[in-house]
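Protein chains in written order, with this note's numbering: chain A, 1 to 342; chain E, 1 to 342; chain H, 1 to 342; chain L, 1 to 342.
Mixed in with the good hints there might be a few duds.
Copies of the same chain look alike in the list, so a pair counts if it fits in one copy or across any two.
Said to hold, decoys possible - Below, computed lysine to any residue pairings styled on SDA-like, alpha-carbon distance capped at 20 Å: (1) 6 to 71; (2) 6 to 52; (3) 260 to 277; (4) 70 to 59; (5) 6 to 29.
The hints are simulated quantities; they were obtained by calculation from the structure and are not laboratory data.
If you want the building blocks of each chain, they are given just below.
Number of protein chains: 4
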Amino acid sequence: MMIVMKPGATNEDIESVVERIESCGARAHLSSGEEVTVIGAIGDREHVQRLGLEGHAGVQQVVPILRPYKLSSNQFRSGERTVIEIDGRRIGGEHFSMIAGPCTVESREQVLSTADTVAAAGASMFRGGAYKPRSSPYSFQGLGQEGLHLLAEAKERTGLPIVTELMDARDVEPILEVADVIQVGARNMQNYPLLAEIGRTGRPVLIKRGLSSTLEELLMAAEYVLKEGNPNVMLCERGIRTFETAYRFTLDIMAIPMLKELSHLPVIVDPSHAPGRRDMVLPLSLAAAAAGADGIIVEVHPDPEQAICDGPQQIYADDFASYLEQVERAAAVAGKVLSAAA
Amino acid sequence: MMIVMKPGATNEDIESVVERIESCGARAHLSSGEEVTVIGAIGDREHVQRLGLEGHAGVQQVVPILRPYKLSSNQFRSGERTVIEIDGRRIGGEHFSMIAGPCTVESREQVLSTADTVAAAGASMFRGGAYKPRSSPYSFQGLGQEGLHLLAEAKERTGLPIVTELMDARDVEPILEVADVIQVGARNMQNYPLLAEIGRTGRPVLIKRGLSSTLEELLMAAEYVLKEGNPNVMLCERGIRTFETAYRFTLDIMAIPMLKELSHLPVIVDPSHAPGRRDMVLPLSLAAAAAGADGIIVEVHPDPEQAICDGPQQIYADDFASYLEQVERAAAVAGKVLSAAA
Amino acid sequence: MMIVMKPGATNEDIESVVERIESCGARAHLSSGEEVTVIGAIGDREHVQRLGLEGHAGVQQVVPILRPYKLSSNQFRSGERTVIEIDGRRIGGEHFSMIAGPCTVESREQVLSTADTVAAAGASMFRGGAYKPRSSPYSFQGLGQEGLHLLAEAKERTGLPIVTELMDARDVEPILEVADVIQVGARNMQNYPLLAEIGRTGRPVLIKRGLSSTLEELLMAAEYVLKEGNPNVMLCERGIRTFETAYRFTLDIMAIPMLKELSHLPVIVDPSHAPGRRDMVLPLSLAAAAAGADGIIVEVHPDPEQAICDGPQQIYADDFASYLEQVERAAAVAGKVLSAAA
Amino acid sequence: MMIVMKPGATNEDIESVVERIESCGARAHLSSGEEVTVIGAIGDREHVQRLGLEGHAGVQQVVPILRPYKLSSNQFRSGERTVIEIDGRRIGGEHFSMIAGPCTVESREQVLSTADTVAAAGASMFRGGAYKPRSSPYSFQGLGQEGLHLLAEAKERTGLPIVTELMDARDVEPILEVADVIQVGARNMQNYPLLAEIGRTGRPVLIKRGLSSTLEELLMAAEYVLKEGNPNVMLCERGIRTFETAYRFTLDIMAIPMLKELSHLPVIVDPSHAPGRRDMVLPLSLAAAAAGADGIIVEVHPDPEQAICDGPQQIYADDFASYLEQVERAAAVAGKVLSAAA
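Next comes chain A alone, as it looks inside the complex:
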């Protein structure tokens, strides 16, 4: 923590800051320039972060130096990257994962036919929502447990591991019976009790970045899971809120290289929700793969015109094989190979 004093700060102001720093067991370190004095607070991270000197007399600015996350930091693993193994598929490192399936579990026919299609084309895992967070209480909220049973059937049939969302800590048990990867939605990224609960399960988790969450906040969400002893965390960029109204969200492609610089955790990209329209899913997927993403989670539907939810952004199951082939070529540019069962 560096405390930058105002140009007009008095010696008294400076001494008072030093005293406050030392009172919590840290050391103070002064640098006096011609115009301003900067005071470093050196000591235990938690204590230093609680100093609360922003309003103190003579203080212009408080600049945090240490990053607030530890276990999710690249430094924690000395540069070694996390590779998660799920039923023989590897996520992270030189592996590229293709997670595909419908937005929502709607019917047995829809789930199984989609699962067959994406499995045949070579997808790494199968996704589908049984519990759906909807901005309107009047919208379809998912099939719930019935949806989970259908996902279990799809897994039994295709062998594909299942990725599905948990919205409410009270539903954790039925989810654990089916999910190989628990998905945390963007709107729950800072639902801390939920994150801690998932941490305690030990099950792999894919955390979607909140609509206006900084990368630091995403890593802090991961930290809530890691702290409970669950190391199997994937980060997911899915688009952020900006002023641009031409799309629903703005996909932040820079999050890929930056998260890889900050953290050892795998980075997955969702190319479906940001545009909200299928004709942009391919170029965004190619961009994500070329930029070095560890995988993509994409929405696929056998008949999107009849989808209950988010039809316009789901790609046609019939187009999936060709889509995957193109994405593999882009992943190759970044030195990655499609992850499949060993």
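With chain A held as given, fit chains E, H and L onto it using these hints.
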């Protein structure tokens, strides 16, 4: 719902859109201009909203016409405003509420002394957090049930109704024993199971706007509570995420008149979190009151330098009486009078 | 400038940074904590700002310490505030200025009748655009020189000083014949040749904040004018770009107290452009005045339905006197009195 | 233009809107649903856009239907894409352009050595700034005319066409002597007199998107040039302002497919300014090429540590050949081939 066709859309494209509209029981209504054709889809709101025509051949744009919220809409109450009564205090209409207290419940001494001070000065309600959502899992997470007991003691002593946050649906019972108003934090604004649970309790609720939530999304969050039969909802503007780095969040003052135009629910402003520093709390409070806010929820601490959390933004308990007097003058400009027990 | 080294930085990395700092004539100052080393670069501001160490081996982050503006900084005038005098009206300090008039100069009748109305009600200055920046090349671009003549006539008749926009440095001469205050539009806030040209004229200038400009960038724009020896600069908040689509721009009310903390220059607020609709102009004006703004620049039209441009946001000339009276009451809460000719 | 009436709008309100529409020569077209009435205004685009009904009694919302740009619209060329030819290099269509060179022209040695390197590696054009827009008036403002002479020398030597920035319409003549492509910087994207001036020159122009400009506004800027009869416009995405502080700007990768959907003009990406650091330039370049960009404009320096400006984001000239080779592979995924002299 209006569907705007591309200039080059064929008759076939148009007929196909019309067919899709009619297939879900709605009526299609064509307007053909010189350059484009616009098709209105008229019928049941829910069906129409599920048409999913964004990706359809020949479609340029889909424009929603009906607002997705109903019970929170101004139109629902034909322009009459909701006034909530809590232990004789009124919130909404011509009443101005001052909700004051510490960010976090830290100790008996701190809670009771602050409660005494704000009660003596004329505050309408007392606030304090027992469960705290913290971006770091390593930070103090609140005193929990012990904190609730202290709030109960403060209420018994001063008679002030209590506003406190619920973060986890599993904690609803102990919260109901103490809270006169349940607070939903910004990070939980789209925690739909939590909102529905609070809706079922019937207890008054103050919903903070998410960091990047639109006003429409805030009203949809309110809708989740109202739909369960709980009409006692207050909306709270507390600052949004923008590109500006001079403050933590940007207080959206325009939300006050706009929410009042869209909805009949009371609008409260939190002037503490956006600046994160106490010297800006007074000007923001004056602005909010003059713009017509129905109340303010402000952080007050007897000794902010020693606060466990958010010390720099809490105003001194010693300054509270003078602060409240100035805010009352600004509220008077907007035609409002401080709400007190009858 | 503080250079924060990565936890794994080697001694070689640190020495290389120190060397680079010293090579440009600055001094390096090391603070070594348990986890990281921070190096202060102390010396001439311009040299230090040019170090470019962001990409250097072992460097995690470069933190600027000194603010890049000087003449516009509060520190430059040791806390004394700038008060600008124009034809006997004072702007800044305890004076509140009401600058009113039509968006665009449309006709002699429109300009003179509006000028008469606002002068009679007690406005401090008259505004009107002769050169209009329009996002479409097909829109009306203003009456140009003819518009300037009409503004001159309005001034002669009412005695009100004129505020009008300069868009192109090549038009500076005709503007100087009429404008008592030159307005720089939001889209030109970083048009540096234009700012420098205005700086050389010495004429008072009102600089509107860019749609996504930080307060620091606004102060840097002011710096371009001040550096040329023109001290008569007013800053104007007019709304910024955010994700919210309920309004055109989001009025940043916090800019008022923050600019006053950072700078000695007067702060004016434009309540018309952000909402784009007249029913929100009054609450925003009250908020701005209560928050301590030094004035308001508002759009007024005798018949907004017939306005060529931005009709919906212009208030009715017939309502202006009552509007001004209410704003004066809000300004009084902040300790300000309406500025009028001595 | 569709005018959505409030649910409670009276017949009188509706008739008054219809009257206003017809008074400007347009036709009104009513659609009455169960809850609301929508009125289409059909007629001349400019007249309709000037209706100004946003504040009218009973009006809830005004929804523009026609896009405000014409010449830059995809519809204007019936889907055919613009391909610009410059000294035998083609920009657009299946051609991929690599525009490379230093941020700023600093010295003869620096310019010529960089030009030699990028020419040898196969770059399509050479870039370098002689006039530099700097946020601080105290920063280096470019070598001006002397810089232009050095660019001319680089061109003579390597044959590479020159891309350089024009900031002030008064400098257009010397720029025309050297520039094969005139660059308009992000801060000047809405400097309309400058755009019109460039339009009149007929010289190819590369327009950078403003920091918070929507894609529609970028296309309107292009429209200012096109309207003057200059069809040689390239659009450039270079990063936008968002809440994220981990980078300087957020590169909007979605702008590539969306601009191609909306317009026939070539789309270039600047991967240097958004991250502000060279280690992210390669992944962003690969992403842009894979997403279908028509080219990249990248900063290259022989010795970035000694650069006057933006050193940390410039890639090493020594690394350029390998960089270009990788980008070509990503462009191939999108079906593009590097553009070179015929």
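Structure-based check of each hint:
1. 6 to 71: between (35 Å within a copy, 16 Å between copies)
2. 6 to 52: within (16 Å within a copy, 25 Å between copies)
3. 260 to 277: between (28 Å within a copy, 15 Å between copies)
4. 70 to 59: Between copies only: 18 Å across chains, 28 Å inside a chain, cut-off 20 Å.
5. 6 to 29: both (17 Å within a copy, 19 Å between copies)
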